[in-house]
Each structure stands twice: as C-alpha cells, then as structure tokens.
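Engineer: In case you want the letters, here they are:
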Amino acid sequence: EDQVTQSPEALRLQEGESSSLNCSYTVSGLRGLFWYRQDPGKGPEFLFTLYSAGEEKEKERLKATLTKKESFLHITAPKPEDSATYLCAVQANYGQNFVFGPGTRLSVLP
Amino acid sequence: DSGVTQTPKHLITATGQRVTLRCSPRSGDLSVYWYQQSLDQGLQFLIQYYNGEERAKGNILERFSAQQFPDLHSELNLSSLELGDSALYFCASSGVVPGQLNYGYTFGSGTRLTVV
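Chains A and B supply the protein sequences, listed in that same order.
First residue of the first sequence: -14, per the numbering used here; consecutive thereafter.
First residue of the second sequence: 3, per the numbering used here; consecutive thereafter.
What the hints contain is simulated information worked out from the structure, not anything from laboratory work.
Computed list of chain A residues with no C-beta within reach of chain B, every gap over 10 Å:
| # | residue |
| --- | --- |
| 1 | E0 |
| 2 | E2 |
| 3 | K44 |
| 4 | E45 |
| 5 | L47 |
| 6 | F57 |
| 7 | A62 |
DSS-like cross-link-like pairs, simulated, lysine-lysine; straight-line CA separation at most 27 Å:
| # | chain 1 | residue 1 | chain 2 | residue 2 |
| --- | --- | --- | --- | --- |
| 8 | A | K54 | A | K42 |
| 9 | A | K27 | B | K11 |
| 10 | A | K64 | A | K48 |
| 11 | A | K27 | A | K48 |
| 12 | A | K64 | A | K44 |
| 13 | A | K27 | B | K59 |
| 14 | A | K27 | A | K42 |
| 15 | A | K54 | B | K59 |
| 16 | A | K27 | A | K44 |
Every residue gets a Cβ at the ideal spot worked out from N, C-alpha and C, and that includes glycine.
Chain B on its own, in the form it takes in the complex (with noise of 0.2 Å):
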C-alpha cells in the first residue's frame, strides 16, 4: 500500500457520462497530481494542486476538471465522455513544496475507466 488511496478501482460508463474519480493523498502530503495512462500515449500529466490551488495544467482537456478539497483529497471529474477516455487514471501525491527539488511522487493504484 502506497498510501495514496484512488476509488473506484474500476468503472465502466457509457458515452456521454459524467464520472468522478477521487484520489486521497498520502498523510502529510499537500500536493495532487492526476496522470492519464493509455495504451498508445504512455503517462500523460492532466493537472496538479497544492494546498487547494491549482498549480499546473498539462493536456487536461476541457471535458475534464479537478479539484481539491481542504482535507487534501482530490477530485477529477470527467464528463460527455467518449470511448476514446478509456484509460487508467493516476493519481500522486507529493510533500514537497513547489519550486524545491522533488524526490519522486507516490502514486495510487489507480482507476481503470472503460467508456462503452
């Protein structure tokens, strides 16, 4: 057990759905990041929070937004989905705080979204 906790493990859609994802970060840490991870594109990096705020944004597309809330835990909610969002979805967290040298993320186990 990594200590990031990501619910559900699987789920499976249909197209033109709205889901959410949530992700519950290790103790202590303050930053979230949400990675996407399908078989053609490798890890591809959607958003991050620190503390509540968002802090970077990768190829995070419209349909798709986050949040985080004040006990730390993250929400990605993803909407009008297509077959082509089914992926896995990562979530990771960090302690480190942003601008300092990063010794890695801990990611969760993830949640695989089948879109039907």
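Here chain A stands alone, though its shape is the one from the complex (with noise of 0.2 Å):
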C-alpha cells in the first residue's frame, strides 16, 4: 500500500529562520512527487512536481528535492506569509490518483 509521511507535524520558525520539511514515502514505483500548500479553509495549491531522484525545482524562497525515499522542502530566509499548511503526494506508476501525506504545519513568527 503506497504510504506518505510528513515531519514535522508542526513548525515555528522566525522570520528568516530556514528549515527544512520532510516528506518519506512509499511507493511501488514513482511517477511523481507533489508539494502543495493548503492555507485554513482553502483548497491545496499546487507548488512542484518532481519525477526522479536528484531532481530538483525552486520557486521565491522554496526548494524541493527529491531522493528515492523521501522528498524535502527547503524554506529560505521565511516570511510570515509563508505560514500554511505544506503537503506531499505521491503518484504511482499504475495509479490515477495522488496519495497525500498529513502534512506540516508550519509557522513563521515576525
């Protein structure tokens, strides 16, 4: 059974505090790996796909990297606007549909 775990489950940080998001998985056979951010009462956003390892995508302060176990989300220098929630999902090679991860909850304190 394909399976996604995220750690932390919780993250205060001070603005300009980088850290890093964990994102394991388990999967048989990967077509691709997916960060979101889901801020409360609203839908997912979607950040970044990743495909193999090694990979690696940057978007402002966001850098996601991909092994063939577990993905990060790196976060530079934050901002109090990045406080969300951050999802990971994966996507099997034989399935349709994205299998997420409880997710991280981050804060970014002024």
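Two chains, two frames, some hints: make the complex.
Structural biologist: This is the structure we're talking about:
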C-alpha cells in the first residue's frame, strides 16, 4: 500500500530562520511527487512536481528536492506569509490518484 | 481563483439527510477528482472521473456516489449522513490523460459540510 509520512507535524520558525520539511514515501514505482501549500479553509495550491531522484525545483524561497525514498522542502529566510500547511503527495505508476501525507503546519513568526 | 468552482461553500444538514456537492472543473480539464479532508484523516481520495467515466475509486463509502456529466461538471452525492461525515470536500481537476505523467491537480476551494 502506498504511504506518505511527513515530519515534523508542526514547525515554528522566526522570520528569516531557514529550515526543511521532510516527506517520506513508500510506493511501488513513483510516477511523481507533488508539493502543495494549503491555507486554512482553502484548497491546496500546487507548488512543485518532481519526477526522478536528484531532481530539484525552486520557487521564490522554496526549494524541493527528491531522493529515492524522500523529498525535502527547503524554506530559505521564510516570511510570515509563508505560514501554511505544506502537503506532500505521490502518484504511483499504476495509479490515477494522488496519495497525500498528513502535512506539516508551518508558522513563521515576525 | 483556481478555475475549479465548488458549490456550495458551506452546508449544514441533519443526520440521515442527503446532500449534493457540485464541482465545475477548470476549462479544458477532463478529469475530476473528489477528496475528503477531516481533521484526523488528512486528504483522502474518494473517486475520479475522466470524460464522464469512472476511472478510479478510493475509500468511498457505499452511501456516497458521484457522477460526471456531459458538460464535465461533477456532483458528489452523500446520503444517510452521519456526524462523522462532517469534513471539507474538495474537488480537483486535471487536463492530463489517464496514464500520462501528471503535472499536478488544481483544487477548488472546497465545500465545508457540517452534519448536526
């Protein structure tokens, strides 16, 4: 069974304090790994897709990396507006749907 | 605005009742996915439709059903509602043909269902 875990469950950072979020996955053949940002009461907003180990994607203060068993979302010099829940999802080669992890709740304090 | 429209935004109903949630996908997207998000379960996949046909099923209860119409909008029907069905229900759409690499879904803003 495909599984996705994320750590930490919650993270509080001071503005400017860089850190990383982890997504570990077990899947029978990875087609893609996806990162989403979700604000309270809203739908997840797409951030990145990673397809193969070694791949990296960047967007503003965010950088996502992928290995064969996990992905990291690095946040450099975060700002309060980066506060949100960050969700990781995987799609298996045989699957149509995404399997989501439980998310990491990030709070960035000014 | 993501381009995926869900109505209603909020719904409060009593146990045992039946409700219908509606989703209009992004223009041009043929796939529609339904997800349930509760506090203790995270985002759980319910069902996927592609161009009117059911393509994948997740942990969808027998009391729940869905369909996608010729104009590509989709409806999720929830019946014999229980307190535990209270959750956020999200619809997402994708323009990728099943079997191809997916660049990611686009989610709607969700319907918050409260069963009392």
